[in-house]
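Enquirer: These are the residues of each chain, in order.
Number of protein chains: 2
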Amino acid sequence: MKPTTATFFDLVRSQIPLVEARMRSAPDRHHPQLSLAIDHLLASGGKRLRPTLTLLTARMLGTDEDKAIGLAAAIEMLHTATLVHDDLIDGALLRRGIPTLNAQWSPAATVLTGDFLFARAAELASQADSVRVMRAFAQTLMTIVNGEINQLFVSRGQVSREDYYRRIYAKTASLFAVAAEAGALLGHAGEEAVAAMRRFGHEVGMAFQIVDDVLDFTSEEMRLGKPVGSDLRQGLFTLPALCYLEQNPEDRDISSLLNGRAGDPEIVGRVVRAVKGSGAVEAALAEARAYVARAQAALASMPDNVYRQSLSELAEYLVIRNL
Amino acid sequence: MKPTTATFFDLVRSQIPLVEARMRSAPDRHHPQLSLAIDHLLASGGKRLRPTLTLLTARMLGTDEDKAIGLAAAIEMLHTATLVHDDLIDGALLRRGIPTLNAQWSPAATVLTGDFLFARAAELASQADSVRVMRAFAQTLMTIVNGEINQLFVSRGQVSREDYYRRIYAKTASLFAVAAEAGALLGHAGEEAVAAMRRFGHEVGMAFQIVDDVLDFTSEEMRLGKPVGSDLRQGLFTLPALCYLEQNPEDRDISSLLNGRAGDPEIVGRVVRAVKGSGAVEAALAEARAYVARAQAALASMPDNVYRQSLSELAEYLVIRNL
Chain A
1 MKPTTATFFD
11 LVRSQIPLVE
21 ARMRSAPDRH
31 HPQLSLAIDH
41 LLASGGKRLR
51 PTLTLLTARM
61 LGTDEDKAIG
71 LAAAIEMLHT
81 ATLVHDDLID
91 GALLRRGIPT
101 LNAQWSPAAT
111 VLTGDFLFAR
121 AAELASQADS
131 VRVMRAFAQT
141 LMTIVNGEIN
151 QLFVSRGQVS
161 REDYYRRIYA
171 KTASLFAVAA
181 EAGALLGHAG
191 EEAVAAMRRF
201 GHEVGMAFQI
211 VDDVLDFTSE
221 EMRLGKPVGS
231 DLRQGLFTLP
241 ALCYLEQNPE
251 DRDISSLLNG
261 RAGDPEIVGR
271 VVRAVKGSGA
281 VEAALAEARA
291 YVARAQAALA
301 SMPDNVYRQS
311 LSELAEYLVI
321 RNL
Chain B
1001 MKPTTATFFD
1011 LVRSQIPLVE
1021 ARMRSAPDRH
1031 HPQLSLAIDH
1041 LLASGGKRLR
1051 PTLTLLTARM
1061 LGTDEDKAIG
1071 LAAAIEMLHT
1081 ATLVHDDLID
1091 GALLRRGIPT
1101 LNAQWSPAAT
1111 VLTGDFLFAR
1121 AAELASQADS
1131 VRVMRAFAQT
1141 LMTIVNGEIN
1151 QLFVSRGQVS
1161 REDYYRRIYA
1171 KTASLFAVAA
1181 EAGALLGHAG
1191 EEAVAAMRRF
1201 GHEVGMAFQI
1211 VDDVLDFTSE
1221 EMRLGKPVGS
1231 DLRQGLFTLP
1241 ALCYLEQNPE
1251 DRDISSLLNG
1261 RAGDPEIVGR
1271 VVRAVKGSGA
1281 VEAALAEARA
1291 YVARAQAALA
1301 SMPDNVYRQS
1311 LSELAEYLVI
1321 RNL
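Chains A and B, in that order, are what the protein sequence lines are.
Once you know that position 85 of the first sequence is 85 in this note's numbering, the rest is easy, because the numbers rise by one and skip nothing.
To convert, take the position in the second sequence, counting from 1, and add 1000; that gives this note's numbering.
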């Protein structure tokens, strides 16, 4: 069985097209180029894990379907908006094999499209009729952007697990956390349940990003859609490299990358092979599995229904996909 | 008496520093470079008309002072965020005589700072505890950004009053409208009063932008902080030029600017002199005064207190400043 046919996907398969339709709605109120941009961004696909998380949480706790669709659309729109500006900043030309907006449009049009999508995400979120949801959205965007600014001003040669965890929280887990939290708020869950679901989203998001970072070492270029080891090429030390460094503190290639030769392709190639040949990948995956286990523990107090089961499967899926 | 000492400024003079302090607050939650950016942006001053509008409206209708300060800070933050991306897109190096962020920082840092300020504006707006206020913020940002995208894709050689009014609504009046509307919502005004104050903000914003566009013809370079006629240089036909065109439909310089020679400095110089020497400036100002009169009419049903009087003065001030 391919992982993409997991039960949790079946449960929301009928709803994701509704989420995408909501994201495309209200085109009469904006320039046709913006509609084209939204269509283009949606065409690049993706697993829609974040809106799925929102939908499953909202359905587990029982809520208005229409509001849940709107909120899921808001989450995916916020995610999409951050990607538009990310790709512009990184000068990325492809995402999931499809040209980025900035590859086709001027920087001006790309900046403005991202801005519009941020605003549209907030407008969609307002359909949930909750100031708290909207505030959580705003704070999540602050966390994400602040994380990226930290990256811009980071000093080379410093790597620590603490920095790594802080970075992947800002980059990924913060949005997973709000996706689940907002779903719970929509379901009028009590404070404890809201906190538990936020924790679930957080842990799941951390696991997701760790696996992403592992795949950057272990996957094939074709599948990844970018060169293997591209994090190291950009001078970014992710968990597998950190685990390897802990096991091999004297490794001279790592020292070179940390001190002045960041991104050197030849050294990167050697380090990628060394990391893959060591226990570092397995150590990183063990971390990811620990996050998944904590996520699943956070579900314990939730109503025991098919949606809770699906959330548990979703967490499990994150550490088996493409490995 | 200098216009800047008008009574309405006295009334809020004690509060604007509180608004600015609120804009600077919570620096522990973000990168020090963001605090520097916010300080820099606030140092460039400005008349703070938008937060003044919010504060006067909220006080006129009677509301929680602390929430009014937060909402005024949110309005000015939203305005500031749009300027950061505007200046980046235009490649502007100075604003109000002070270097723009993009003149000092990389495009990446400038894009991210703008994004952070958008999110911070939404977080500040959430202090008003009103989904409707937050939705109005989001929709205003969509209007502003959509207006800028229209400008990017506009076809040359087409000018009409209708386009002009639509453009200055998106660019300026939409934010003035929400500044007053949000103040009224905070004051728990009835639907009619909220609509009247939104109308007040709208009319005042239109008048403000028309006067700005007149100053681009009539002011001196020193005072303006940019070359006279800079709109025409950028191929932008504002109300004074449109009035002149209506009075002189056969003018060959205007035809040249509209057809292929947009921004030609020599022709722009001749057109600026022609517009100033015609009745076009007076015609444009008469329009601005009509907007002010309609704004003042919108105040008729408001509580008759010193704040209403101040709002009326603020509207009046817009058409006499710097002329």
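Hints should not be assumed to be uniformly reliable.
As the list claims (entries may be wrong) - Far from chain A, by Cβ distances over 12 Å, these chain B residues were calculated:
| hint | residue |
| --- | --- |
| 1 | ALA1043 |
| 2 | ASP1090 |
| 3 | THR1113 |
| 4 | ASP1115 |
| 5 | ARG1132 |
| 6 | ALA1193 |
As the list claims (entries may be wrong) - To list a few chain A residues with every Cβ distance to chain B over 10 Å, as calculated:
| hint | residue |
| --- | --- |
| 7 | VAL111 |
| 8 | ARG120 |
| 9 | VAL131 |
| 10 | SER160 |
| 11 | ILE267 |
Unchecked claim - Chain B stretches covered by chain A per the calculated footprint, using a threshold of three residues with CB under 8 Å from any CB of chain A:
| hint | segment |
| --- | --- |
| 12 | 1137–1151 |
| 13 | 1214–1220 |
| 14 | 1230–1240 |
To be clear, the hints were calculated from the coordinates, so they are not data collected in a lab.
In this text the structure is predicted, and so the values were computed from the model without any measurement.
Using N, Cα and C, we set each Cβ at its ideal position, and we do this for glycine too.
Enquirer: Take the hints in turn and mark each one as holding or not.
Expert: Now the hints, each set against the structure:
1. No beta-carbon of chain A is positioned within 12 Å of the beta-carbon of ALA1043(B); the least distance is around 20 Å.
2. Remark: the non-interface label on ASP1090(B) conflicts with the geometry, its nearest Cβ contact in chain A lying 9 Å away (cut-off 12 Å).
3. Look at THR1113(B): its CB is around 7 Å from the nearest CB on chain A, not clear of 12 Å, so calling it non-interface is violated.
4. Residue-level check failed: ASP1115(B) sits 5 Å from the nearest beta carbon of chain A, not beyond 12 Å.
5. A Cβ of chain A approaches the Cβ of ARG1132(B) within 12 Å, the least distance being about 8 Å, so the stated non-interface status is violated.
6. At roughly 22 Å, the least C-beta separation between ALA1193(B) and chain A is larger than 12 Å, which holds for a residue marked as non-interface.
7. With a least CB separation of 6 Å from chain B, VAL111(A) falls inside the 10 Å interface cut-off, contrary to its annotation.
8. Its closest Cβ contact with chain B, about 6 Å, brings ARG120(A) to no more than 10 Å, contrary to its assignment away from the interface.
9. Some Cβ of chain B comes within 10 Å of the Cβ of VAL131(A); the nearest lies about 6 Å off, and the non-interface call is violated.
10. For SER160(A), the shortest C-beta to C-beta distance to chain B comes to about 18 Å, beyond the 10 Å cut-off, and the non-interface label holds.
11. Every Cβ of chain B is farther than 10 Å from the Cβ of ILE267(A); the closest lies at roughly 26 Å, confirming the non-interface assignment.
12. For the segment 1137–1151 of chain B, the assignment as covered by chain A holds, since 10 residues bring a beta-carbon within under 8 Å of that chain's beta-carbons and 3 suffice.
13. Under a criterion of three residues with beta carbons nearer than 8 Å to beta carbons of chain A, the stated coverage of the segment 1214–1220 of chain B fails, only 0 such residues being counted.
14. Restraint check on the segment 1230–1240 of chain B versus chain A: 0 residues with Cβ-Cβ distances below 8 Å, three needed, restraint violated.
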